[in-house]
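Engineer: Given these sequences and hints, build the entire structure.
Residue numbers (this note's numbering), protein chains in the order written: chain E, 1 to 222; chain F, 1001 to 1358; chain C, 2001 to 2816.
These aren't lab readings, by the way, just hints derived from the structure by calculation. Please note that the accuracy of each hint is not assured.
[To be verified] DEER-style ranges, computed between Cβ atoms: (1) 138/E - 2739/C: 25 to 33 Å; (2) 2728/C - 188/E: 35 to 43 Å; (3) 2688/C - 68/E: 49 to 57 Å; (4) 60/E - 2728/C: 28 to 36 Å; (5) 2354/C - 138/E: 23 to 31 Å.
Beta carbons: idealized from backbone N, C-alpha and C, even for Gly.
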Amino acid sequence: MLLELRNVSKSFESGEGRVTVLKDLSLQLSAGHSLALTGESGVGKSTLLHLVAGLERPDHGEILIKGQDITKLNDAGLAPIRRQSIGLVFQQFNLIPALTIGDNLSFQARLAGRYDRDWIAHLSQGLGLETVLTRYPEEISGGQQQRVAVGRALALRPDLILADEPTGNLDEENGQAVLSLFLQLIAESGAGLLMVTHSARIAAACETRRHLSRGQLQASDP
Amino acid sequence: MNARSLLALVFMWIAPVVYAQGFAGLGLSAEGYAAVDRSRPITFPQDHTAHPDYRIEWWYLTANLTDAAGNPLGAQWTVFRNATRPADGQSNAWEDGQIWLGHAAVTLPDQHYHSERYARGGTSQAGALLTENLLEIWIDDWGLQSLNTASETDALNQIIVSARGDTFSYELTLTSHGPFVRHGVNGFSVKSNEGQASYYYSQPFYQVSGTITLPNGARKVSGQAWLDREWSSQPLAADQAGWDWVSLHFETGEKLMGFSLRSRDETRFTSATWIAANGQPTAYGDGALRMTPIVTHDVAGRTLPVGWHITLPDQGLDIRTNALNPNAWMGGTIPYWEGPVFSTGSHQGRGYLEMTGY
Amino acid sequence: MSRTLILTTLSALLGHWRRHPLQVFALIAGLALATALWSGVQALNAEARASYARAANLLGQDQFDRILRQDGRVMDQAIFSKLRRTGYLVSPLLETRLGSGPNALRVLGIDPLTLPVAALPERLQSGSIAVTDILLEGQVLMTSDTASRGLPPDLTEQARTILGNARYDDTLATGLVIGDIATIAKLVGETGPTALIVSTPQPFGLAPIDTWLASQGDLILQQAETSNDLARLTDSFHLNLTAFGFLAFAVGLFITHATIGLAFEQRRTSLRALRALGVPLVGLIVLLAAELGVFALVSGVIGLGLGYGLATTLLPEVSASLRGLYGADIGAALQFDPIWAVAALAMSSIGATIAGASALWRVARLPILRSATPNSWAQTSAALRLVQAILGLGLLALSGLVVIFGSGLMIGFIGLAALLLGGALVLPFGLSVLLAGIATRVRAPFLHWALADMRLSLPALSLSLMALLLALSTNIGVSTMVGSFRATFTGWLDQRLASELYLTTATPEQAARVTDYLTPRVDAILPFALADTRFGGLPAELHGLVDHATYRDHWPFLEALPDAWSQMTEGQGVVINEQLARREGLEPGQDFDVTPTLTLPILGIYSDYGNPEGQAIIGLDLFKTLFPESPPLRFALRTDPATVTDLAADITEATGLSPQSMINQAAVKDISLRVFEQTFQVTYALNALTLGVAGFAMFTSLLTLSEMRLLQIAPIWAAGQRRQKLAWAEFLRIIAFASFCAIFALPLGLALAHYLLAIINVEAFGWRLPLQIFPADLVKLCALAAGAAAIAALWPAWQLARLSPHRLLGLFAHER
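Structural biologist: As structure tokens, this is what we get:
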């Protein structure tokens, strides 16, 4: 099993007291598969993704990536897993402003020691980024930036891709184009995908869909 | 308080209580200084020069003059000597326990010029010197100097007096035509009912000729002059605030010296010497002379009695005096009024009025 | 604008500061520091100038002419009486020095009876001290700190008694004693006046006093001076302080400018919204300006307080410096001047205006609709950087031209400013080129990113880096100058003070007794004599020395004709010090008027560090014939250094010469070096302050930037880098910046040192020093700079290491 969540709970302090976002949530995703998580705004989709990425810790429960419980790891233990196994694509593109597009694409792969020139060339070609490789993030369009984010996540050939509204900042048409590229390249790389979105149409592109509501997964599959 | 008035304090050898000590500090205690002694006679020429054992001393000349055009004017020349401490023989090149002060003035009906000089003893910037019968009293280039060469004549018989200010200068030659006059009892002049006294004599019989130079030029002058010599260690009582003093030359050849010392409680002590035309003095004690202010004038922010009614019934004197220039204010570090006056009434004449402590 | 609109707008604007208290702190601190350093330095200058002015108008020097003897010596008292009896109004003045050592006194005897009132010391004039106290009671006037610092050791009992009867008058200069001339004559054992003060106007009908003087031959009339030697001498020192004040002010402005710019940028959205909601542009600008005004006021008040504190703290050091350099005494107590309050507020307002002008300008041109580009305020374009660099190079060239062609202190300082400013302007471009160059050679991804990121953050940090560069270069420059000076000075002391023991006797009889005793006991006795005189109208000293190998071999000549010393001692010529030579433009071989009647060729020019006055040396035999009244009373002894202490004790026992009258070589060197160190205390202090302010500028820049830094760092963290590593990277990044700054500062600092030594020093002090480099000092300074940067970076890095992941995640989730 690539990813398994067992009885994960998470709550936050907020102005109105403690708010429970996730409650005894369990979930499984096997390698090479894609899972879409839908839900209303603020329902905890992003939190779930952050927990899986090891950016946050659950209050209870276990999160196993390739059988290893990452909730037991400290920052030093988590960093290599993030670096080696997980590709992140966020709603904000979060490119590194100091680096060129080419350097952005290969940055994480280099960090992970898995730099593959051909694969990255393939990615940039597939994403239509060959012409902007020497530019800086602020010099290209939003659609291009999102494609760079996708390419960067895929560049290190991670086992698991976590995507949070990967096309949220793009218009419908651009969004669809990026999404199909994204899914196609993920399929090529053989990674598993956990994607959160509020859009049923985007969710429909994934093999499995789950709906998150009141901290629990609903078995619904609309 | 400014530096000028502080310099005045210097001259008075004063502590902070100066104004409680009589005009110009003359009422301060005389401890350690030589005292005025009724039994010690005045002798000439020795007493013409300085008496450093005594605290205070002056050579005081006033001259009533007329220029070639007949305009009246007056000249004053004074040197004061003041001991800063009883004589102790201690001295160095910059200090011998004496401080000297000079005042000079020229008074015209509409102008009054005056000047002031200070000097420390020990430097020969000022001093008094009697060699044989030659006398010299000086401060800076101001001088009173014997002219006579004959050894039998008195040092003050013929003198030359000169002074120079910022805007005037004069040089006068004086020749006496009468004897010295000793005031009080043989020169022992009483200044208060408590017995304060000074040695006091005059030469009122000078005939004058000379030159006075003013900003508009030099003019020849001639007339009469009166020299006063006085020294003491405590001439005033502590409560005496000032005096009004006159010296008058009458057309009859007679002369009058009179003063009225004012106490803080407004009581007065008067004294007078009536001098006959031959120089024979008659001394009058307290009360004989009466001086009553009749005309006042505002000068230098003060109100002064510049016109007086003066009577000495014993001599049939009943006169009024008027100032040649009511603005004859000596505005130096020790300010007072000093100027020529004219008398009308029983005796016509001219002379000088001095008013201090206003 | 309606009241509601104003209030709403204000609350929207001020809300920013509530949310960013750190920026408020940085803004106020920057402005207050700038104001404090500026006004502190100004206060020091003002205090010193006031004391020079007091010295200048002391006894009416600025109003009344004086009669002096041509040779500067004491005149006969009879001249005074003679002038007075001729009718001229003159007043005697007896001025001399009393005692030796650092507490030596300048004593002035006056005659209050003849002195013009306007020439009386201030408190005698006002009557707050009675003239009678000094004239009749024999009191002397001095400041309380003159009394409290102690009297010179070599005074007679009588002198101590006289000085014990002192009235304190703190309007006088420290070290000055004024009394009645009779008192002072007793104090110093001297009668004749040294000068006569000429009253104005003179009496009626006298010839002008100069015609009288003309008939006297050796008397001269010195015109009243409106500026005095001291003010002229010390001008350079104050220009120096002012330059430091400006530097500190500029550094403070860097902080303020950076903060205001950032605050503006962060409020860009609000400003645009306010404009879109109908707030008129003028109203917005007025409100922003008013906001700045409040900041300026608050900072001005704080800066005033700090400045006063600073000035009070530094005054003793400034005082020591001035005494060491010029013998000028300015006292150690600072008088508060209300003019400061005004100046401090004005300076902080000017500072706020300069720092805020560009922000306001940008508000005025703010487009309502165009979307924000992140960091744009700090993104100085490469083109602008290039323009800056070209401008900077131009300034550097200008300063080079000044070195070659310029002269004069003011020009020197302009060149100095051009050098520093030019260096600062070139820095961002230089760093950018440097970083780009390194980045292309590095493939390790994290390091590659770190370098690229440094380059990106260059515009945002460039102002504080410039500040650091300025501070560092100044430090390098000044420490190199002081170091060169110290090295030269120490070497010079070794040459100049070749003899082992120095004696001062009081009378020729004592001198004879001492030399008789010593003749069989030491290797050589070298007598010398000195007299005060004037060269070129300025006070100077003339020395008479003998021929001896000690001098021939060691005398520190800068330029000399062959065999100069022997010829000089034979009366064939004169040797002069560097100060005199530079002032009068003299060279060996030229003729020099030793006295009005004696002209000799100049045989050599020697260095004479630390002496503000001119000095000349002639053979002792010639000296004796010229100045029979100044016999040689001083002696230098050559003997075995090991026996010096015993010898001194023997001399005291055998001849009664007091131990205070003997100084051994080691002690002189020790005192000289101590004076030297004291002299540069204030420089050290200002140096440290400037570096501290630069460090603070760096700190505030980093703090205000930390929010923006997260945007750069969050993706790296998300990509699997530990926060600790990122924090370290952040920390090392700043140290790297500081180190790069140090690399740039080295040549700039050395150029500055050359400037100070070859141009400023010569103009200011009259001597030139060779430049010496002290690598250890430079390493220390660079380490210090890195240390300051490390301290500045510590807190932001620590914050980053402890940053909650939540904050980082927030950046992924919502629009900023």
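Engineer: Cβ-Cβ distance between residue 2354/C and residue 138/E: within 23 to 31 Å?
Structural biologist: holds, 30 Å
Engineer: Does 35 to 43 Å hold as the CB distance between residue 2728/C and residue 188/E, or does it fail?
Structural biologist: holds, 37 Å
Engineer: Starting from the hint 28 to 36 Å, judge whether the C-beta atoms of residue 60/E and residue 2728/C obey it.
Structural biologist: 33 Å Cβ-Cβ, so the 28 to 36 Å window holds.
Engineer: Using the beta carbons of residue 138/E and residue 2739/C, state whether their distance is inside 25 to 33 Å or not.
Structural biologist: holds, 29 Å
Engineer: Do residue 2688/C and residue 68/E keep their Cβ atoms within the hinted range of 49 to 57 Å?
Structural biologist: At roughly 55 Å between Cβ atoms, residue 68/E and residue 2688/C fall inside 49 to 57 Å, so the hint holds.
Checked against the numbered hints given earlier, this structure breaks none of them.
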